[in-house]
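Taken in sequence, the protein lines are chains R, G and F.
Each residue of the first sequence is one higher than the one before, starting from 25 at the first, in the numbering used here.
Each residue of the second sequence is one higher than the one before, starting from 184 at the first, in the numbering used here.
Each residue of the third sequence is one higher than the one before, starting from 246 at the first, in the numbering used here.
The hints are simulated quantities; they were obtained by calculation from the structure and are not laboratory data.
Among the hints, a few may not be true.
[Said to hold, decoys possible] Just a few of them, taken from the derived set where beta-carbon distance is under 8 angstroms, the chain R residues facing chain F: (1) H272; (2) L324; (3) A327; (4) F395.
[Claimed, not checked] Below, simulated DSSO-like cross-link-like pairs (lysine-lysine); rule was C-alpha separation at most 30 angstroms, straight line: (5) K255/F - K313/F; (6) K292/G - K221/G; (7) K221/G - K255/F; (8) K287/G - K255/F; (9) K255/F - K292/G; (10) K221/G - K313/F; (11) K287/G - K313/F.
Everything numeric in this text was worked out from a predicted model, so none of it was measured.
All C-beta atoms, glycine included, are put in the ideal place defined by N, C-alpha and C.
What follows is each chain in one-letter form.
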Amino acid sequence: METASQSIEPKTNYLNADYTIKSWLLTTDHKRIALLFLGSITLFFFLGGFFAMLIRLELLTPAGDLVLADTYNKLFTMHGIVMIFLFLIPSVPAVFGNFVLPMMIGAKDLAFPRLNLASWYIFMLGASFVLYAILTGGMDTGWTFYTPYSTTYSNTNVVTAAVGVFIIGFSSIFTGLNFIVTVHRMRAPGLTWRRLPLFVWAHYATSVIMVLGTPVLAITLVLVALERLFHIGIFDARLGGDPLLFQHLFWFYSHPAVYIMILPSMGVISEVVACFSRKRVFGYDFVAMSSIAIAVLGFLVWAHHMFVAGISIYAALVFSLLSFFVAIPSAVKVFNWTATLYKGSISLDTPMLYVFAFIGLFTIGGLTGIFLASVGLDLHVHDTYFVVAHFHYIMVGGGVTGFLCALHFWWPKITGKMYPESFARLSAVLVFLGFNLTFFPQFLLGYMGMPRRYHAYPPEFQVLNVLSTAGASILAVGFLMPMVYFVWSLQYGKDAGPNPYRAAGLEWMTPSPPPTFNFDETPVVTWEAYNYDEIDAPSKGVEVAG
Amino acid sequence: MTRSMHPARGLKLPDSETAVHNLRHHFADLEQQSATAKFGMWIFLVTEIMFFGGMFASYLIYRLSYYNAWVAGSQTMEIRYGTANTAVLICSSLTMVMAVHWAKLGSRKLTALFLILTLALGLAFLGIKAVEYHEHWVHHEVPGANFHFEHTGNYDPRHVSIFFSLYFAMTGMHALHMVIGAGLLTWLLIANARGRFSPEYNSPVELVGLYWHFVDIIWIYLFPLLYLISHHHPGG
Amino acid sequence: MNEHAHPSVKTFIAVWAALLVLTALTVFASTLELGPFNAIVALSIATIKALLVLLFFMELRYSTALTKVAVVSAIFFLMLLVGLTLADYLTRGWSSYINPFR
Numbered sequence: 025m026e027t028a029s030q031s032i033e034p035k036t037n038y039l040n041a042d043y044t045i046k047s048w049l050l051t052t053d054h055k056r057i058a059l060l061f062l063g064s065i066t067l068f069f070f071l072g073g074f075f076a077m078l079i080r081l082e083l084l085t086p087a088g089d090l091v092l093a094d095t096y097n098k099l100f101t102m103h104g105i106v107m108i109f110l111f112l113i114p115s116v117p118a119v120f121g122n123f124v125l126p127m128m129i130g131a132k133d134l135a136f137p138r139l140n141l142a143s144w145y146i147f148m149l150g151a152s153f154v155l156y157a158i159l160t161g162g163m164d165t166g167w168t169f170y171t172p173y174s175t176t177y178s179n180t181n182v183v184t185a186a187v188g189v190f191i192i193g194f195s196s197i198f199t200g201l202n203f204i205v206t207v208h209r210m211r212a213p214g215l216t217w218r219r220l221p222l223f224v225w226a227h228y229a230t231s232v233i234m235v236l237g238t239p240v241l242a243i244t245l246v247l248v249a250l251e252r253l254f255h256i257g258i259f260d261a262r263l264g265g266d267p268l269l270f271q272h273l274f275w276f277y278s279h280p281a282v283y284i285m286i287l288p289s290m291g292v293i294s295e296v297v298a299c300f301s302r303k304r305v306f307g308y309d310f311v312a313m314s315s316i317a318i319a320v321l322g323f324l325v326w327a328h329h330m331f332v333a334g335i336s337i338y339a340a341l342v343f344s345l346l347s348f349f350v351a352i353p354s355a356v357k358v359f360n361w362t363a364t365l366y367k368g369s370i371s372l373d374t375p376m377l378y379v380f381a382f383i384g385l386f387t388i389g390g391l392t393g394i395f396l397a398s399v400g401l402d403l404h405v406h407d408t409y410f411v412v413a414h415f416h417y418i419m420v421g422g423g424v425t426g427f428l429c430a431l432h433f434w435w436p437k438i439t440g441k442m443y444p445e446s447f448a449r450l451s452a453v454l455v456f457l458g459f460n461l462t463f464f465p466q467f468l469l470g471y472m473g474m475p476r477r478y479h480a481y482p483p484e485f486q487v488l489n490v491l492s493t494a495g496a497s498i499l500a501v502g503f504l505m506p507m508v509y510f511v512w513s514l515q516y517g518k519d520a521g522p523n524p525y526r527a528a529g530l531e532w533m534t535p536s537p538p539p540t541f542n543f544d545e546t547p548v549v550t551w552e553a554y555n556y557d558e559i560d561a562p563s564k565g566v567e568v569a570g
Numbered sequence: 184m185t186r187s188m189h190p191a192r193g194l195k196l197p198d199s200e201t202a203v204h205n206l207r208h209h210f211a212d213l214e215q216q217s218a219t220a221k222f223g224m225w226i227f228l229v230t231e232i233m234f235f236g237g238m239f240a241s242y243l244i245y246r247l248s249y250y251n252a253w254v255a256g257s258q259t260m261e262i263r264y265g266t267a268n269t270a271v272l273i274c275s276s277l278t279m280v281m282a283v284h285w286a287k288l289g290s291r292k293l294t295a296l297f298l299i300l301t302l303a304l305g306l307a308f309l310g311i312k313a314v315e316y317h318e319h320w321v322h323h324e325v326p327g328a329n330f331h332f333e334h335t336g337n338y339d340p341r342h343v344s345i346f347f348s349l350y351f352a353m354t355g356m357h358a359l360h361m362v363i364g365a366g367l368l369t370w371l372l373i374a375n376a377r378g379r380f381s382p383e384y385n386s387p388v389e390l391v392g393l394y395w396h397f398v399d400i401i402w403i404y405l406f407p408l409l410y411l412i413s414h415h416h417p418g419g
Numbered sequence: 246m247n248e249h250a251h252p253s254v255k256t257f258i259a260v261w262a263a264l265l266v267l268t269a270l271t272v273f274a275s276t277l278e279l280g281p282f283n284a285i286v287a288l289s290i291a292t293i294k295a296l297l298v299l300l301f302f303m304e305l306r307y308s309t310a311l312t313k314v315a316v317v318s319a320i321f322f323l324m325l326l327v328g329l330t331l332a333d334y335l336t337r338g339w340s341s342y343i344n345p346f347r
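Please build the complete structure, drawing on both the sequences and the hints.
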């Protein structure tokens, strides 16, 4: 067992076990697969960011003068599809879930390592279809593929993109399947459910959503493709089909999908807030149960995306009420994280900065979701920038922030190197400031009536749009900086040692980087999660690392 | 020892070497591995329930909206073919279950026999389906440019197009799953011929069995929903 | 956890026979004029058949509680999809789609 003073890298870890390309492309090591995903999704993140940049440049001026309206439609469509399906849905689970979850439960790998590798290949295959669709003309339906535009009227690469998303869906399903089975069957002796890190609970709940929801998206996309290719009538009003049926089927997945995009980040926050407050997470049981509650309740609210689409008012009221309920477990988490901070011994390392950013931004995003859940309010702000701001607060202010938090927290474990703390803190601050400057004005714009998905707008909205674009530039710098210093750290970073943050968790009891099979012997767990009181106790003979 | 376990011609005794060879490194023992694999297959079947479920939901919405058109569409189905196919699949589920049974008992020959029977029945199903599809095509019942329905009742023939869309989507997706199942059975036959299975290690047979039965269950619902809606004239 | 009880070959054959009988029954029932009960009878018979396959052929009866929970969950969430979507269609009133008052 290594101690902090012994920061010499062992001769063989999962990185240097084999240097050949084949060993990477045919790996079944969950840690390597995590890095395969990390590389891919990072590329896709910047691709999606590129589309965002063009959108924000167009919106600098009221006139639609940078691109044609049709091109603009393609830009926001491709931004959405790439960011959601090629980045956010896989992000935390496929990178950090893959890397850390088996180690957190004391396992040597996931239940189905070959399926895990297949997950990555399937992801890349689907992404290739999407990229091909983009390169050969793009799609302009919005990431939501609403019918009948997508099935009848659009002249863009709808089917190719739909096939790509369909394939990527299977990557998601297989990852979720793998996690569920792993958590049930591969936990180390003594690791009861209530001793599990909350990160594991969050990923378990996420996996349940992936497994139950994604297939419905898959079949819906099949029907869209069939409709588009063969004009079968299922969503075509001219033949008696109902375009709203598409929306029901689509949102049955896509609403829970947003919980796929946030729950894993919430799991990250639980880990990091405990570590940098040196306290166990307050209300552990409540936080664990809230993940399950979000997964279940998340399936009951989808038609709040359809309040003005033509559903019955009675259905709207039911979904509105249910949407209010689904906010409760999220609020439970925020309260418990805050309570964890109270009287904690707080240190403002970079991951903790992201925790604070998350708590604030997610709260704003979540509360504005409540506004949208109210039918009367939604009537006014639906399809305006208010909605755009709401979901970016959640997905970027919550989801991406959680991803960056995880990246900074587990980087030392993954690479064995520390990144430069001052640059990392600066970039976290830039992300936070840039993000707020980009998206807060959008709440105001939406409330004042600026519609989303329009490339031109009335001149009185220009000032706020300029602020938003300025913010986006700062945000971009904040996102680019980690690319630089993380790569720098690989060569020049300080050796991290097994547990630089003195964190709780089985993954920190291995060397950094870990050996291929994680543990020489399966650990036997006799302690509760977040046993920081034991870790920080001055002179007890407790076997912990660091 | 029960009679069924008595060594008989073709019964292969347990091969512990083969068993150990199949243990993957991250599992403690074969038992954990096969229980885990089985649970994994059940979770996959959960996703399949949701996958087909979207189409069943669409079917239900439109059936409640356009009942007469649904009746008209359903009446073009040949109940003989549908019933025959249902019987074929039920028999194939029995042969599949027997294949798993003999795989667990270590009989390579009997496992092969029942796998072949299952495969043959599955192919028979697909054959009958192909005949049905051809008939629909010839009668202009395939949605799209070639669709033409002589309507003789209180319904809109365009709605019958939606019925057929769902008919082809649902039975087509089912048939695709049958084809995949046939592929899996073939793979099992090859592995079995190479002596890869034993009483200790026969998960793949069991897992393909679960998949096969699930596809049978889908058909059990498709049959009454598509073929047996009503014998009465869709006069409204 | 070892795989314990298995249905015997006799059970399998009995289930197979039952499935064939139920198939004949459902075809016969469809020839009767039962109004709305035609659908109920047909789906009930189909569900019994499905349960026979699930419990005996797929050995769900002998599987872990967790497996049973997984299957029940899938059906539950599917019912949510159908049920809440119907909640929209059934209460539209004005629409040309499902109109229970027509």
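Handout entry: Structure-inconsistent hints, enumerated in ascending order
Key = 4
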